[in-house]
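Undergrad: Listed below, chain by chain, are the residues.
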Amino acid sequence: MEKHRPGKFIRTHFDQCTGCSLCKAACSLHMFGGYNPGKAMLRIRHLWENLAHIPVVCEHCVNPMCLKVCPTKAIFKDETGIVIVDQEKCVSCGLCSQYCPLEMIYADPETGKAYKCDLCRGNPECVQACPFNALELRDQD
Amino acid sequence: MSDSSYMGKILHIDLTREKFTDIDIPSWLRDSYLGGKGFGAKLLLDLVPENADPLGPDNVLMFLTGPLTSTPAPAMRACVVTKSPLTNTFLDSYFGGYFGPEIKYAGYDGLVFTGRSSEPVYLHINHKGPILKPAKDFWGQGAIECSQSIKEHLKDDQIKAATIGPAGENLVPYALICCETNRQAGRGGAGAVMGSKNLKAVALNGNSLVKIYDRKMFANAVAMAQREITESLDCRGLMATGTAGSVEFANETGLIPVRNFSDNTSALAAGLGDKGQSKKLWLGRSACFGCPIACSQMGAVRTGKFASFVTDIVEYETAAMLGTNLEIGDPRAVAHLNRLCDELGLDTISAGACVSFAFEAAGKGLINHLPDHELKFGNVQAAARLIELIARREGELGELLSLGVKQAAKQLGPEALSMAMHVKGLEMPAWGPRGTPGMGLAYMTADRGACHQRGFPAGYEATGMEWKGKPVKALELEGKAELVYSLQNYLAGTDCLVKCDFGAMGVSPETYALLCNAATGINIEASHFNRLGERIWNTTRIFNLREGMKTTDEKLPKRFVEEPLPGGPHKGHRITESDMKYLLQDYYKIRGWNKHGHPEEETLDKTGVIRDKTLSL
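Chain order of the listed sequences is A and B. Start counting the first sequence at 1; every next residue gets the next number (this note's numbering). Start counting the second sequence at 1001; every next residue gets the next number (this note's numbering).
Incorrect hints may appear among the rest.
Unchecked claim - Derived PhoX-like pairs (lysine-lysine); straight-line CA-CA distance at most 25 Å: (1) K1128(B) - K113(A); (2) K73(A) - K89(A); (3) K1581(B) - K1558(B); (4) K1581(B) - K113(A); (5) K1009(B) - K1019(B); (6) K1128(B) - K1009(B); (7) K113(A) - K1211(B); (8) K1555(B) - K1581(B); (9) K1473(B) - K1571(B).
Hints are computed from structural coordinates only; laboratory data are not their basis.
Take these sequences, add in the hints, and give me the full structure.
TA: Next up, the structure:
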């Protein structure tokens, strides 16, 4: 059972999203200890001059390209299926962010270190922060 | 040092010398003025040389945040503060959206521009720091278009930009600054100041973190503020219909402008309000950063002769000033004019007032019609053409109207004076005050001219809402000065955070204080905002008087004084010369100002205006 997804996942509802970015603010606080939605592990694609907002979250892929391209095995799947980056092993090569089609790897512009969603290990802050129910935590089954 | 939501420094950009300096924010400034409007009031007084030309290199253009901007404290904004080219006074103009927070993510509490660049430039800040870049290729572009162009040019879609359009480049004194996304520092001509500095845009993508003093306390305060918003009927109204919900309210209460304020009820209101807009325009909601209200109803003009384009909600002010005021009833047509103003970079309120001034003046034979367009109420094409001429200062009429109604009327002669709807040069917003004298006083005394956001007693007067336990009577003069004084103080105090007026309909003063304390580690109580506001009103007053503002100009447009209301619940009412005199004298007294409206020395001391310390760059 090496190839599996985590038991819980974030279901996005773009029709409920207003783009307010409270999810991203909560994520940045969780990851880095301060607010800056530009440093979040999820994105919001603002389409058609802000008419539509599409939240994009890490899928914790069955077949994660970020993991495959990492030359130092800094990216791995834990026993629950969550895809995680070990910043100690990360050499800031940027390959993982280059090969994530959803752009879900955040590379710190100053250090180049890769960061990504770890589902807050079970209780994602982004989901809790959304006042519009655009993010929902669901069970895989 | 413990964590705080202040970044602790301001970036000074000297455009003449292309020099950047980090200015540490002194503790006295933070203690006495908190942020946002407070910082702006004190810094404008300190940094702008006496009698500086608002469009000259000596004027200072500031983008300022507050301690809660950029945090999840609900509904926060930022502001632009400068000396207005329209009124020659203090100007603060507020904007929501995403540009304000990014100033802090870029590492600063504010950006202060001085001087003038010799060539068009834009400021770019990312993790590598600030740099001025040529803006020649963007000069001439629309404000929204330029925001997009810069992102493409920098290959960075995370940029949050503030831009000006052709109106700002052409120094139209009511040009706006367009702030990411669809949010404008609209009033008073900050866009012209930016244009005069040859500054086309500010493009930010910051890598700094905004820290919180006490995270647990802050999380609780945010939850409380969000709950207060959810439980507020006013906020719930804004969630459902934004400010478009005010169109029918203003019509029923006889506050809405029609044909340049010559009438105050309109059959077009229903079509321009939330019912009309939701049917013809709206598709989904959109929020400013961190706001659970999401008052924006985004939509598109899909059909008809103006199709097709994306449009934000047509805000009440715009629906009235470019709608009922011009007798244009199709929300798609008003959205078209709105979009034109946004792209060209013109304040929709002042633009609406200038177009209605032109329509009325043409009707009375004071100005000529355009060769291809008859200047008459209801003519959408004529309004659109005038807006373009104004933004480009094209032709005699474009040049004349681009001055604003005060100066335009002066040029046309005495007959035009009664059509010029303004106070101290700032065009009237869309709440006619003849049935609400408290609102009249708020306009007469607002620090930036005719503004409805420095105190909105009409909300009490038109509804009979209680103030200090007693229902406010619309037409009564007694007690209105105290109401205006109190509202002005509280709003100015909370404009330091920088709060949004809509969030403030729900969030209590106690919760604002709690949010501020938790974020910064300071210790203020709810009543602090009133005292702070009073200090600010005295600070901006000193500035305005120093710059030559005449208190004899604290008066309403002639029409409100001489012509009785033609309709609505207060039909027949006007605000007479003696009403104005009574209201003003009462107000000056409560403020501790002499009978000429000048603050007494004792008042300046008592309210804590800082005069022994100045910030210099």
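Undergrad: Compare the structure with each hint and give your call.
TA: Hints, one by one, checked against the model:
At most 25 Å may separate the alpha-carbon atoms for a hinted pair to count; K1128(B) and K113(A) meet this at roughly 16 Å. Between K73(A) and K89(A) the CA atoms are separated by roughly 7 Å; this keeps the pair inside 25 Å, and the hint holds. Among the hinted pairs, K1581(B) with K1558(B) is consistent with the structure: their alpha-carbon atoms are about 14 Å apart, no more than 25 Å. Between the alpha carbons of K1581(B) and K113(A) the distance comes to roughly 67 Å, so the proposed pair goes past 25 Å and is violated.
Using a Cα cut-off of 25 Å, the hinted pair K1009(B) and K1019(B) holds, with the two alpha carbons roughly 16 Å apart. Proximity of K1128(B) to K1009(B) is assessed by CA-CA distance (about 17 Å); at most 25 Å being required, the pair is judged to hold. With a C-alpha separation of about 21 Å, the suggested pair K113(A) and K1211(B) falls inside the 25 Å cut-off, and the hint holds. Distance hint between K1555(B) and K1581(B) is fulfilled; the C-alpha atoms sit about 9 Å from each other, no more than 25 Å.
Of the supplied pair hints, the one linking K1473(B) and K1571(B) holds, its CA atoms being roughly 16 Å apart against a limit of 25 Å.
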